[in-house]
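With chain X's structure known, arrange chains C and S on it following the hints.
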Amino acid sequence: MSIELRNRLFQQLDQLVLIDPHTHINSLDPSSHTLADILGYHYYTELAHSAGVPKEKIEEEGISPKEKVGRLIENLGPITNTIQYSWFIEMAQKLLDFDGDTIDTSNWEAFYDAAEEKMSADSWTDTVFSKSRLEGVFLTNDFDDPLEGFDTAKYIPCLRTDDLVFHLTNPRTKVRLYEATGVDISDVVSARQAIGKLFDHFVRNNAKACAISLPPTFAPVKVSDARANTALANVLSSGTSADEDDQRAVSNFIFWTLAENCQERKLPFDLMIGVNRKVFPEGVFQGQDLYDSRVSLIQYKDLLNAFPDVTFPISVLASVTNQELVSYSWIFPNVVANGHWWYSNTPTYIQQDCAARLEAIPRTKQIGYYSDMYKMEFALPKFAMYKRILAKVLAENFVVDRGWSEESAVELGTQLLRGNVETIFNVGN
Amino acid sequence: MSIELRNRLFQQLDQLVLIDPHTHINSLDPSSHTLADILGYHYYTELAHSAGVPKEKIEEEGISPKEKVGRLIENLGPITNTIQYSWFIEMAQKLLDFDGDTIDTSNWEAFYDAAEEKMSADSWTDTVFSKSRLEGVFLTNDFDDPLEGFDTAKYIPCLRTDDLVFHLTNPRTKVRLYEATGVDISDVVSARQAIGKLFDHFVRNNAKACAISLPPTFAPVKVSDARANTALANVLSSGTSADEDDQRAVSNFIFWTLAENCQERKLPFDLMIGVNRKVFPEGVFQGQDLYDSRVSLIQYKDLLNAFPDVTFPISVLASVTNQELVSYSWIFPNVVANGHWWYSNTPTYIQQDCAARLEAIPRTKQIGYYSDMYKMEFALPKFAMYKRILAKVLAENFVVDRGWSEESAVELGTQLLRGNVETIFNVGN
Amino acid sequence: MSIELRNRLFQQLDQLVLIDPHTHINSLDPSSHTLADILGYHYYTELAHSAGVPKEKIEEEGISPKEKVGRLIENLGPITNTIQYSWFIEMAQKLLDFDGDTIDTSNWEAFYDAAEEKMSADSWTDTVFSKSRLEGVFLTNDFDDPLEGFDTAKYIPCLRTDDLVFHLTNPRTKVRLYEATGVDISDVVSARQAIGKLFDHFVRNNAKACAISLPPTFAPVKVSDARANTALANVLSSGTSADEDDQRAVSNFIFWTLAENCQERKLPFDLMIGVNRKVFPEGVFQGQDLYDSRVSLIQYKDLLNAFPDVTFPISVLASVTNQELVSYSWIFPNVVANGHWWYSNTPTYIQQDCAARLEAIPRTKQIGYYSDMYKMEFALPKFAMYKRILAKVLAENFVVDRGWSEESAVELGTQLLRGNVETIFNVGN
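Protein chains in written order, with our numbering: chain X, 300 to 728; chain C, 300 to 728; chain S, 300 to 728.
If we strip away everything but chain X, and leave its shape as in the complex, we get (with noise of 0.2 Å):
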């Protein structure tokens, strides 16, 4: 009966059309060309490389998307268990009409060259959107993005801000600041100068939120102008043989910036709490990065209290910082909880996760799933597995153990689809 249940309330998350709140699609290309926009996904390349293909193999330059798509199909075998793979399936069986349970070196060929025809109509986007029931996306923009070029109300721009709060010791970032803003930073004054325009240049292009990744010993403070001036004019000079001291004083008093001006101009700020970056160094593409789950919410402790009116819907990398969120959410009226990233992007923490917060944080402050994409075919696969698993949470915890009508439950689950990415965003409504 429960597995009834669950179909039947997934059948009905699943009719809704979203907005998907957090992606690094390209606005300007935005679905995949061949299957080697696929496969080439930090998702299964770092599984592949984990189970044994060498780093030279996959990322050989030169060779042919074709030739990459085969020798990732070829060493597909060891993952086959992993959820990554289930989405690969499903995106072929839904949106390229794949069939069958198992692409491999038997059958890949053909399905490759009818995706690539399939891929290369010109109406392919739009198919991939209605079929995804997909009506908009953020982007992740660099700060120095023109923003040019395409729909701010279908690929809504997100001002992306790790570069400004961790890379000003690399000269280039100071070069892309000026190029995007006409302000050579060198004090406190010009760099809220440049960050103003920033700001101005993405909200006149309907962005909805800033956005940032923070490794787990980050640990916001305010700083004085004056010692800002000195960290800045080190840091600006000496670049990454700055005192770590300066280089912590930098950080914190550009982030701290890019609070203020969420604050002005109303803008929610996305923190993704815990990554550690370049871990494994020798990893694939974006497949080295990792993380040290000691960490904790106090840690924001400050930036919370000083900014009662900038929402920060917030993501933790490790479930065990979940427990965390959840009772965040729960006091401070300006935390909300989103999506389910990364490495807890996964079956199990996300039920577990997800059941926690349901069932404490007031329902108008979940968000309840972003896809992370960056090719639009993985919006299906991915909000799929989250609504069976939302569905099975509602079903489980909420009508048998609490008695609650499908109804309810429906309408539940339609509020962290739908609802609060509207109300929380300010997008869609």
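For the record, the hints were derived by calculation from the structure and aren't laboratory data.
Any given hint might turn out to be false.
If chains are identical, the list can't say which one is meant, so a pair holds when it fits in one copy or spans any two.
To be verified - The calculated lysine-lysine pairs, modelled on DSS-like cross-linking and capped at a C-alpha distance of 27 Å, are:
hint	residue 1	residue 2
1	354	565
2	496	356
3	521	354
4	521	565
5	453	473
6	356	565
7	521	473
8	367	473
9	393	577
10	577	430
11	577	417
12	453	365
13	417	393
Just chains C and S, lined up with the frame of chain X:
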């Protein structure tokens, strides 16, 4: 089948008459007078605040109880998903004859009046005790509580010691201690004398436990009398401006002295580990505390080894610490796993934590649940929530997975709910 | 349906003949002689002690095995809920023809005698191997074990290295090393020579792994030869009174040298991460160790990057570290998730951890289970516990949730239980 099985087990567990081993009941005014006493509970005010109701609206001075309830009811829509809201509805249905699933602007006033009518009966507290199948509750008494004017067999005193351990920096604490004991503390000798007198007073009045809540950074160690004398002198003269080292030394000295008194009086010492106070100072009353889940029971190693004859019922604030609690209870004869505290008192975490305890801690060393309530009406729905989860775990993990008889499963549940409270706290038997 | 499905999967997994990849079996005396060998296992003595039996009663010198068993049986009432107790009953039923669900004062003596009778048969060890469907077990050999007098194809040597890395402060370790290798270590050259000889000896005798357990604070780094020489000199002369820095440098140097030897000999290096020794010094034998769950695999970053050709089967002591293990196994080609260790070897944690691994780590990179047993009789109930949980996860998360065929699910389970032990350790194939 499993659902019917769960229900059968629940029905049997639900018949038990219980003693609630940890509450904040005011023994001179134990139950509610209006719904404002119910909805004024921080679980509702903080969730309403988190969902957007201004603190000023909730805590405005001089508004009537009915006005307060009206303001809250209007704003409960965003929290209807929470387990805390379900407590309110179940309490309304089972104790106050409310007929329906939702209390909102359309029906609250009539219900408010009807509730006030029922609550005004002289027998209301008795009615609540009886319908909740409780025969006694542990209190949380300030160290200077006179413990007079109530039946200490029903309202069982418990010496709460946070003020002594952490707030001797506040001159008022020293004064209160003098008023309670006639001892003006100035050094380790007088401090020991004063604390001894508190214990005498409490034990004479049927106290069955000493209790304290502890921040995640606390790691008790024994300090020498000489060190404690210096530190005490500094803390008593300089208050919160005393050296942190001295403040810590005083906390350690007082804490150790409490454990010594527990040993001498054979009193269990409840440790509630992990809370950070005032993380959100702008939060509503009692809705300002959160935590850092990076805490370990290894911090209590010296204490647990130094006091083998003191039973330490331990509660942890975050579920990530529960496995340590399981392991430490499995190894240390003097560690008992105690209930599901605060931010871990929600179904998903209770189920995981309860299941892990049941399969690895001796059955004699686990206290199933306490309500932590401020008003008697909360016992019924909170215990009902726990008993449903306990029945689910017993059904699935014991009857189904391990082939236990239903009778044996109920026996185990009964021991957690009732038997161990009797044996561990020496009450009710 | 799900329960029947689970049972079908279990039945198939239960037919497999296995190799147990980590035990503490004494190859010269592998199975029990009386129930005292069973109940003397620390899982029972420590739980009985925790439940109130004085250590002196359990460990009194000179009492007969039967007296010891009697004392324990009398006191097992408080632990009948534990999974460890269920191992005892299942072992009694399946290996010793015990008919019943409870062993207590009313029936233990007859059972003791019957068990002793069976265990005295010359073929008893063979019987246990056969009924448990095991064909080999990995040992845990001291570095100076002569590895003589047994069949190393069945009792597969594993070089355990805790003493070398952490106890060179003990003069006896240096003497044992001299006795085992003829090398009197005094500097990095002689230390490398001695360790190389140990590896020669072990590999010559069919060793298939090197292994070590590590405290949560350990974070291996490479130290220079110069630094290691200074540190070694100090540690060898001053023992435990040597500087902590020097002790740490020696641990690092030896640990790194072990990894170099594993690389050279293509030997997997089992890392068992997270134990604090002697947290409860008054505990029973082997019942004194606990842990601090605040540990991260980021501590092993340098090691994992430095030795890409060494396979590291990693076990973590606390389930909160399991997600990191999943993620690091997903990214690092040389990391393998290995079994469910000690305090995480209970059903609730196994189920959560196993499910998370199955959906995100390549199927070739997970070792399902090892028993960690001291006596052969424990393999049957411990593996049965694991296989039931594995069958449950495969049934619910793969067949039901993901639409897998039962055949595919059994294949995946088979790979975890048997295939990966063969390929990762190069045995039995």
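Any hints this thing doesn't respect? Which numbers, in order?
-> 2, 5, 8, 9, 10, 11 and 12
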